[in-house]
Amino acid sequence: MTTVRISDDALALACGADGVAAAFAAAGCAVERVSSWGMHWLEPLVEIGGLGFGPATPADVAGILDGTSDKAIGRIAEHPFIARQQRLTFARAGQTRPLSLEDYAATGGWAGLGRARAMSGAAVCAEVLQSGLRGRGGAGFPAGVKWETVRAAPGTRKFIVCNADEGDSGTFADRMLMEGDPFQLIEGMAIAAHAVGAERGYVYVRSEYPHAIGKLNAAIALAAPLIAPFALEVRVGAGAYVCGEETSLLNSIEGKRGEVRAKPPLPALAGLFGCPTVVNNVLTLAAVPHILTAGGASLYARLGIDRSKGTMPVQLAGNVRHGGLFEVAFGITLGELVNDIGGGTASGRPVKAVQVGGPLGAYIHPDRFDLPFDYEAFAKADALIGHGGIVVFDETADMGALAKFAFQFCAAESCGKCTPCRIGSVRGAELVERIRAGQPAPDPVGALAQMYNAPKAARAAAEDVALLEDLCETMKYGSLCALGGFTPYPVLSALRNWPEDFQAGDIARGL
Amino acid sequence: MSEAAIDAILAAHAGREGALLPILHDVQAALGRVDAAAEARIAHALNLSRAEVHGVVSFYHDFRAEADPRPVVQLCRAEACQARGVEALVPAAEAAAGGRVRLETVYCLGLCSAGPNARVGDMLHARLDEAALVKLVEGA
Chain A
1 MTTVRISDDA LALACGADGV AAAFAAAGCA VERVSSWGMH WLEPLVEIGG LGFGPATPAD
61 VAGILDGTSD KAIGRIAEHP FIARQQRLTF ARAGQTRPLS LEDYAATGGW AGLGRARAMS
121 GAAVCAEVLQ SGLRGRGGAG FPAGVKWETV RAAPGTRKFI VCNADEGDSG TFADRMLMEG
181 DPFQLIEGMA IAAHAVGAER GYVYVRSEYP HAIGKLNAAI ALAAPLIAPF ALEVRVGAGA
241 YVCGEETSLL NSIEGKRGEV RAKPPLPALA GLFGCPTVVN NVLTLAAVPH ILTAGGASLY
301 ARLGIDRSKG TMPVQLAGNV RHGGLFEVAF GITLGELVND IGGGTASGRP VKAVQVGGPL
361 GAYIHPDRFD LPFDYEAFAK ADALIGHGGI VVFDETADMG ALAKFAFQFC AAESCGKCTP
421 CRIGSVRGAE LVERIRAGQP APDPVGALAQ MYNAPKAARA AAEDVALLED LCETMKYGSL
481 CALGGFTPYP VLSALRNWPE DFQAGDIARG L
Chain B
1001 MSEAAIDAIL AAHAGREGAL LPILHDVQAA LGRVDAAAEA RIAHALNLSR AEVHGVVSFY
1061 HDFRAEADPR PVVQLCRAEA CQARGVEALV PAAEAAAGGR VRLETVYCLG LCSAGPNARV
1121 GDMLHARLDE AALVKLVEGA
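Going down the list, the sequences are from chains A and B.
Note that the numbering used here has the first sequence beginning at 1, numbered continuously upward.
Note that the numbering used here has the second sequence beginning at 1001, numbered continuously upward.
Isolated chain B (complex conformation):
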């Protein structure tokens, strides 16, 4: 099943110059992970070594070797959000997330004048206070 999905992705990018990152994005989106078997298949198709592909997968934060079925809430904790008090919200958000939600730290969602900010899927949320963030985590 996953082999067919990877082959379809590889076919879609055939002949594209520097196609590895777009391929990895598609595999990550389709399967929720880029595991060793996927790395080997991609390496074979692109005439790369498995080490080269693994090096790329492990370098970037967006790719994961194991799927994590939990919903993800990305919370910006960079300087601009710190200046607007995000650190004070973290304990409550972590408590609300528990083991059910993966609370991820990101450095900057580009909404720096309206923090604290969070992202769930492609939905962005700005001007969060503790109650709004907890609600967001609980609803994720």
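Bound conformation, chain A alone:
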């Protein structure tokens, strides 16, 4: 009987993988549901004996089985998109059944945990530090330093919290990992628990990811005896983007409003329920089992450049021809990722801008495609890597509208605790709108009687732009967390690189 492997990743399902699987089953094949290879433009991708076919529809089944299908892409492992990657965190992608403990163990699963448990907690922290692993959620803080802080902190109860509130547009690596290789995340959390002396862990997943929640719950039930005495629980978010910020996430798990906490105290010292807590992103924790295998830490440290060590699962999204998950060592340039690997835009028009790092990341002009993927290089260019998502826009994109959207998004998702974010976002959206309308009108707030010092005459466009820059500076330095603090990145980068999109009377409006 022919064995056919089809992904049950949410993206494959959204593209009709279940229908294709049913058609193969009806044709007498044994269908195995595996994780996704991450070549999203080819989903649903069908694999038979290492050969790939995609994007497949039920109508393609007969052709695929008798070898006449024009959807054939050859050997999947040799496909350039796969062959150019250095997959460590996503080593199992496309190749194992997500909820099969047998598959997981057969592909090196639990080796890291076994080795870690034979070591002291301090030694595990030291290895993580030596690997150079930095937080993959966006901030890039060295994971080993965080773990050691929690380990050394006094306290009878400690927690491991996995931040799986992947709300950034253009990112899906956390989702793919939770759906495709949940045991790896569980193993990483169990290693962290051993390292710092925690007995309880939480995975905070956003409610927009029902498939990931289902897979994780099933995987935790299966793996519970293997990770005991460490116990793990999934907590489901409730539609608040700001809960991806670590202190707001902790409040949410505690059953409170997802408002940001002031730091210090650091969560490492006073986190969940006031106890020392490791809060790491899914990708950070999932990288740990590999690092803890024999020689894994030094192998990891050899990859990458400068202080950005190891690999980054880059997510190619938006208007890109070959979108999907591309895990590669740090140092690859943005241009290689967008043009060579992503194949340019899906629409075939020239690339106008790419946004790296989610809704709070800067819009980068194709002039800067020589930027290497590296935390420091991006920071120097007033941009951020964030969670590694790259959203590609073609020339129809209206950067002024996107700048306004950045403010509107911030206004919709602000937790409301600090003024620069709560009020600045609303005023910012109004300002961008006014600049783009190009008709100077007196500011209604400035006209109020109590606004003694506000100019009563209408501001010129140039003055509005100066005010916008001033507002961005206030938000950047005055906000409590990255939501308000980083919203200026997309706004100012759009304003500086595409000032023409902020001018009045521009015709090509609308996306």
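Careful, some of the hints might be misleading.
Stated by the list, open to error - Short, incomplete list of chain A residues facing chain B, as computed with Cβ under 7 Å:
| hint | residue |
| --- | --- |
| 1 | ALA126 |
| 2 | SER169 |
| 3 | ILE253 |
| 4 | GLU254 |
| 5 | ARG257 |
| 6 | GLY323 |
| 7 | ALA504 |
What the hints contain is simulated information worked out from the structure, not anything from laboratory work.
Because the structure is a prediction, the values reported are computed rather than measured.
All C-beta atoms in this analysis are idealised placements derived from N, C-alpha and C, irrespective of residue type, glycine included.
Mind docking chain B on chain A? Use the hints.
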């Protein structure tokens, strides 16, 4: 009827640390809303003030004070879907939804390489064009 349902949910979560969000999710799923009476009952059980519970309910987008029996279609309108042209589909989707279907904006379903995307219940839909989205809304 709803009081018994809330009590059963509260009993199921008894003793759980930080149980408020899981409780609210269950109440929202069972009753389609978390109203003032439910807030008071939950507050009493968790030894919280009603204000504290109401603060949490009103903070999160997933909880509603009033039930809305209409079917829901969630449409992603975040940057990646915008880059793939979701905004051009919105007027047609809104027209198809009319007052019968609640067309909700969400920011990201995590299918960013295959937008525009929508979610109906736990079913996801990718690579939508205008015709597919209208059909989805009409069939919801």
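Cross-check of the supplied hints:
no. : hint   : result
1   : ALA126 : violated, 31 Å
2   : SER169 : holds, 3 Å
3   : ILE253 : holds, 5 Å
4   : GLU254 : holds, 4 Å
5   : ARG257 : holds, 4 Å
6   : GLY323 : holds, 3 Å
7   : ALA504 : violated, 21 Å
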